[in-house]
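Colleague: If you want the building blocks of each chain, they are given just below.
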Amino acid sequence: MRVVAAMSGGVDSAVAASRMIEAGHEVVGVHLALAKNAKTLREGARGCCTIEDAGDARRVADRLGIPFYVWDMATPFARDVVEDFVAEYQAGRTPNPCLRCNEKIKFAALLDKALALGFDAVATGHYAQIVDGPHGRELHRAVDMAKDQSYVLGVLDEEQLARAFFPLGDTSKPQIREEAAERGFAVAKKPDSHDICFISDGDTRGWLTQRLGEQDGEIVDEGSGEVVGGHRGAYGFTVGQRRGLGLDRSDLDGQPRYVTRVEAETNRVFIGTADLLGADEIEADHVRWCGPAASGRHRLGAQIRAHGEEIPATAEVMGEGSDARLVVRLDSAVRGAAPGQSIVLYDGTRVVGSGTIARAGRAARAPSMPGGGAPADESSARTPSTSEAGAQ
Amino acid sequence: MVMTTYLDHAATTPMTPAAREAMVEQLAITGNASSLHGPGRDARRVVEESRERIAAALGARPSEILFTSGGTESDNLAITGSLRAARAADPRRSRVVVSGVEHHAVLDVVDHAVEHEGARATFVAPGECGTVKPDAVRAAIEEDASTVGLVSVMWANNEVGTVQDVASMAQIAHEHGLAFHTDAVQAAGHLPVDFAASGVDLMSVSAHKLGGPIGIGALVAKRDARLVALSHGGGQERGIRSGTLDTPAIRAFAVALTEAVEHREAEAERVGALRDRFLAGTQALDLGIRVTGCWEAGDITTRLPGNAHITIPGCEGDSMLYLLDAADVAVSTGSACQAGIPQPSHVVLAMGRSEEEARGSLRVSFGWTSTQADVDAVLAALPEAVTRARRASGAA
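If you read the protein sequences in the order shown, they are chains A and B.
Counting from 1, one number per residue, gives the positions in the first sequence under this note's numbering.
Counting from 1001, one number per residue, gives the positions in the second sequence under this note's numbering.
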């Protein structure tokens, strides 16, 4: 097949490209330029958008003896990923831009362009596996669970999967680094990128403030209903977040407080004690199926963040097509389920599909009672409470 | 083994065998042209003989040739050096009058001076052929001639090949006592370039656009041109451009330029005919391809003989470039790349075309190794490339 290898300049996509060549495909390396302004490119210190990364990718392509191009995807990236990211935060939600990028850029804008130019597929260095199943191609978790990236691919539909290759899914990350070193890639020891690629210094709140401006608002305690503090923009807060609230804890009976919800319409941030944080019923929209569309009720595993824990759940599909919604009842409550995040559903190692969390809360059948309630509640309350949402 | 159809001579053209031989021979000879001993004198002699040959080929005096690393350095030195000298003599002279279709090696220097040195710029817009009218330059100067430090208009455009009437513009500048610079990187060796006859004060040239090596060029500067040095050190090149002279490259530059000028008339007609057949061929393909700028078959004086520039509605230039590359045809989008991303051409935009048209630009440039087989190959590859590229831009 004629395959575009998306080459970020990192070690994973370098090995992915070389494996595609070894498998006998005709491979062309493509680096996506995602920032319009070359100055931004120059200033970007890390992530996916620097000139250095494009140069690293080019050197790997040289070494592999394949043609290499930089394709300008800055316009769709700004529209479908960056603007969406800003709008979601402004609306009080917590988006995951990597999923959007996979859904709209790598396996849409890039894939469509590749197909039009005569290619058959796109290969990336994601850690996930594609398996030919009885109903077509299936997306599965990677063998290396520590690196598994099936979560951020849970937005790919059947057609996208049919044109995708993830050649690293059967190998562990340390082995990939060894393989890169054996092949003489200069990027073999290049550190992994963790941050949001278009926020080069990792300061998401600061970056959002530049775009949205300061928006002074109130912090309200769920327990008392009282205003206990102020903030400079509700968009800077995520459900489950503990740090950065700037509160004097002595006013708050000494109990740690977490963000429980963000109310964009009133620009208010609500906080509460850990016991208010657990959610065992999640409603999601923007449903994407990584295979045939499901309907009815299913016992599946649910995961609400990259590398997060998979929790047994009962998922029910309401409606169909673009109106489909998911109601997922988790067997045990999770903390920090924020609207805007994706919930990805698994059947064993297979990714069934995903949705974007619209609402997370307590199921009506299991009211939360302080000191008692469902076992799930207690288990979540015992969880160490130092980490912020999204952190591992 | 597939032979690449190389049609990007405006980016760089192959070295001629004679230039290559001269360079290789000189590379084996030790000697710094600034040294006072025998080997140094030998190197100096090669440099000075080359300088004389280059001067003769360009209608300049040997002392007017300042060797540089190429066109970009020559442009930087001409603009920054002149502007600083003009402002040192009269602080009011902080304005540069410059055409809107210059190479980035001129435009970005002007931008830098505006952003960091308090200079001002007046951009003269071209007409639809890319031609800058001398009267428009006059009007720009006469907005307030006492504030102008330098006037710069290129001899021939690198993207669309338009040849400018630099002699008339230099004369207008001189009427106001102003220095005139021209970027002649695309013109030297391809057009009748006579420095003295043109009247320009400063002229940038580069060896690798005419069969010489990459990395050597010259700023031709009248002896009374006021220039502030940008690189300081050993005091070479009238103290204006310090740095050890690259004897092998200078020798090869002289060989290539002499050859190019000797064969220029016949070669311009031959290459111009290839360009004409290519452009006529694109029109016969019935793919909606438009020729950028003004083109008349046989015209090798108002448009560079080797320059063909087309816009292909509905195509992204970078898709076209990839598809032709995959078919072993090497062409260019013609515009500057930033981090490998083709930007919509400021030249095509300045000529009044839309951004979409600018993005669908392709420059096909012919040179001394080009043949009819190259024309046939690119014309054969175009239809499928256009069809696919149109599909791709529909997709994105």
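Simulated from the structure, these hints should not be mistaken for lab results.
Glycine is no exception: its CB is placed at the ideal position from the N, C-alpha and C atoms.
Errors might be hidden in some of the hints.
Partner residues aside, some chain B positions facing chain A, computed with beta carbon under 10 Å [said to hold, decoys possible]:
{"#": "1", "residue": "Gly1059"}
{"#": "2", "residue": "Glu1128"}
{"#": "3", "residue": "Glu1316"}
{"#": "4", "residue": "Arg1391"}
Distance ranges between label pairs, derived from CB positions [what the hints assert, rightly or not]:
{"#": "5", "chain 1": "B", "residue 1": "Ala1088", "chain 2": "A", "residue 2": "Arg183", "range": "49 to 59 Å"}
{"#": "6", "chain 1": "B", "residue 1": "Glu1115", "chain 2": "A", "residue 2": "Gly206", "range": "38 to 48 Å"}
{"#": "7", "chain 1": "A", "residue 1": "Glu22", "chain 2": "B", "residue 2": "Ala1380", "range": "28 to 38 Å"}
{"#": "8", "chain 1": "B", "residue 1": "Thr1004", "chain 2": "A", "residue 2": "Ala181", "range": "50 to 60 Å"}
{"#": "9", "chain 1": "A", "residue 1": "Glu22", "chain 2": "B", "residue 2": "Gly1100", "range": "22 to 32 Å"}
{"#": "10", "chain 1": "A", "residue 1": "Lys173", "chain 2": "B", "residue 2": "Ala1011", "range": "54 to 64 Å"}
Colleague: Which hints from the list above does the structure break, by number from lowest to highest?
Modeller: 1, 2, 6, 8, 9 and 10
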